[in-house]
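Asker: Here is what each chain is made of, one letter per residue.
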Amino acid sequence: MIERRPGLTIFSHGTLIVGLMIVVLPVYLAFVASTHRVEDVLQAPIPVLPGDQFAKNYIAVLTADVANFGSAPVMLMMANSMVMALGIAVGKIAISIISAYAIVYFRFPLRTLFFWMIFITLMLPVEVRIVPTFEVVSNLAMLNTYQGLIIPLIASATATFLFRQFFLTIPDELLEAARIDGAGPIRFFFDVVLPLSRTNMAALFVILFIYGWNQYLWPLIVTTDQSMSTIVMGIKSLVQVAEAEPRWHYVMATTILALIPPVVVIILMQRQFVKGLVEREK
Amino acid sequence: MLKRVHFRHPYLPYLLVAPQLAVTIIFFIWPAAQAFWQSMLVEDAFGLGSEFVWFENFIALLHDPQYLNSIKVTAIFTISVTALGIGSGLFLAVMADRVIRFASGYRTLLISPYAVAPAVAGVLWLFMFNPTVGILAYIMQGMGMSWNPLVNGTDAMVMVVIAAAWKQVSYNFVFFLAGLQSIPRSLIEAAAIDGAGPVKRFWTVVFPLLSPTTFFLMVINLVYAFFETFAVIHATTSGGPANATNIMVYKVYKDGFVGLDLGSSAAQSVILMLIVITLTVIQFRYVERRVEYGN
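Protein sequence lines correspond, in order, to chains E and V. Per this note's numbering, the first sequence runs over residues 10 to 291. Per this note's numbering, the second sequence runs over residues 189 to 483.
Keep in mind that the hints are not guaranteed to be accurate.
[Claimed, not checked] Stretches of chain V that chain E covers, calculated by requiring three or more beta carbons in the stretch to come under 8 Å of a beta carbon on chain E: (1) 194 to 205; (2) 208 to 214; (3) 246 to 257; (4) 279 to 290; (5) 394 to 400.
[Said to hold, decoys possible] Covered stretches of chain E (in silico footprint by chain V; criterion: 3 or more residues with CB under 8 Å from a CB of chain V, positions within the stretch not fixed): (6) 60 to 71; (7) 83 to 93; (8) 226 to 238; (9) 254 to 265.
Hint data in this document are derived by calculation from the structure and do not stem from the laboratory. Predicted model, so just to flag it, every value in this text is computed and none were measured. Here a beta-carbon is modelled for each residue, glycine too, at the ideal position from N, C-alpha and C.
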């Protein structure tokens with residue numbers, strides 16, 4: 010604080026509160042809608058206080074089957090999302106940390122070429138190569154499988170760069186000492202590099218879990234079987250039902266369930282998240 | 189790039205990079221090469237054979253009013269999302285940097301929309317803007333405005349822009365707040381002693397010092413608005429009404445998977461690739477510069 014300006018401080022709090030309301034309002038209203046009967050939601054103006062149907066609606070969406078809603082049960086979709094998000098987060102961290110280790114700690118022919126090939130993936134988001142990538146996955150018979158949901162997404166230039174950047178800050182003396190003690194590359198990796206990388210791995214995990222959970226286009230094209238849909242893409246089938254008006258109370262209950270896991274992760278691991286986000290872009 | 193001391197091993201380094209490279213080649217480089225190849229082919233009406241036509245698909249695209257419309261829609265959409273997201277993120281970060289009380293509470297809540305999927309953000313705003321049940325639509329209709337994003341193209345555009353920017357504000361907020369906190373207090377104090385008020389200090393000292401962050405965020409937000417907002421569009425408007433929100437990424441998907449026009453879809457993919465390559469190159473040249481400043 011440079012000087013005392015009570016007026017300005019009040020103004021700051023005021024605008025922050027307005028900002029917060031804009032941030033929280035959509036989620037709050039969705040929660041409110043998810044706790045009412047459908048008749049109450051459809052009647053304008055919609056209620057602004059939670060109703061008494063919380064347990065009933067949530068149990069209904071969590072356990073109902075395909076016949077009822079035109080989509081897979083939410084419980085199943087959440088399980089699929091969880092497998093996909095964990096698979097992507099763990100897979101990306103695992104293959105990135107070993108390739109960064111090779112690139113930083115070994116001298117071998119083609120090293121630079123490999124580095125650039127990994128770099129190129131940054132310029133090829135799935136959105137710009139949708140159809141041919143779909144064909145590859147289809148030829149490998151990976152449609153409607155967890156492998157198909159996970160493996161094509163686990164190459165990661167940003168994670169590799171982050172680990173490379175971090176490895177470069179590990180003092181060379183550690184490596185010299187380890188070699189004198191007779192440790193080979195694998196021993197050095199598990200006993201020195203991996204334990205030192207723990208904070209970076211946690212930071213990346215938060216970001217990658219959210220990334221994996223929130224995937225939309227990829228599950229949309231590689232899953233045609235409803236039992237493989239993920240929750241984030243499943244919401245669309247609830248919104249766009251054949252009848253005139255979606256069952257908003259169920260849609261909103263599903264929406265709330267879809268956003269809880271990543272939001273909980275980000276709130277619990279806020280510090281790692283901010284660190285990971287800011288460091289990753291360096 | 190490389191350690192002063194390092195290991196030598198005949199095959200271990202290749203084994204270590206193999207998984208990453210395999211995924212990169214099979215699912216990134218090969219499909220991208222395929223897209224380039226297909227973008228120069230035209231399939232015959234029965235899909236039995238195809239003919240190599242050089243750049244005809246691209247020329248056809250640039251004469252297609254639908255595609256030109258999509259470019260225009262994309263331009264409006266990306267610029268609006270970027271401007272709204274960066275403006276609000278900066279404003280909230282400046283306010284959050286000033287306050288001491290409840291600072292961490294504000295921060296936590298303002299960061300959380302980052303975790304909300306673009307598709308979910310779209311559905312949340314679709315619900316509030318829905319002409320029959322939405323609370324915002326109710327308020328606007330109460331004020332005598334006509335509002336129906338399901339029928340009116342401009343209304344639909346406003347809705348998807350707000351939904352897409354809402355989610356991105358938290359990202360911008362995190363970076364602006366980090367940027368603000370790294371500005372030396374002494375500079376701001378010096379300006380205050382010279383008699384500059386808070387607003388003047390912001391525009392003459394703080395904002396110029398934030399310009400690297402702002403520039404970086406502009407690139408990131410453009411990439412976000414170009415590519416990651418597919419889900420917002422698909423989950424809410426499906427490009428409608430009457431193609432008013434048919435952004436380029438959505439059109440590639442629709443032409444490729446629904447329309448099955450592979451040549452045209454591949455040509456659109458190649459155009460999008462050129463855009464993302466340009467943006468990535470700009471971003472990395474800038475990052476190099478920032479590292480120099482840092483030292």
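Asker: Could you run down the list of hints and mark each one as holding or not?
Answerer: So, going through the hints one by one against the coordinates:
{"no.": "1", "hint": "194 to 205", "in the structure": "holds (count 9)"}
{"no.": "2", "hint": "208 to 214", "in the structure": "holds (count 6)"}
{"no.": "3", "hint": "246 to 257", "in the structure": "violated (count 0)"}
{"no.": "4", "hint": "279 to 290", "in the structure": "holds (count 9)"}
{"no.": "5", "hint": "394 to 400", "in the structure": "violated (count 0)"}
{"no.": "6", "hint": "60 to 71", "in the structure": "violated (count 0)"}
{"no.": "7", "hint": "83 to 93", "in the structure": "violated (count 0)"}
{"no.": "8", "hint": "226 to 238", "in the structure": "holds (count 3)"}
{"no.": "9", "hint": "254 to 265", "in the structure": "holds (count 5)"}
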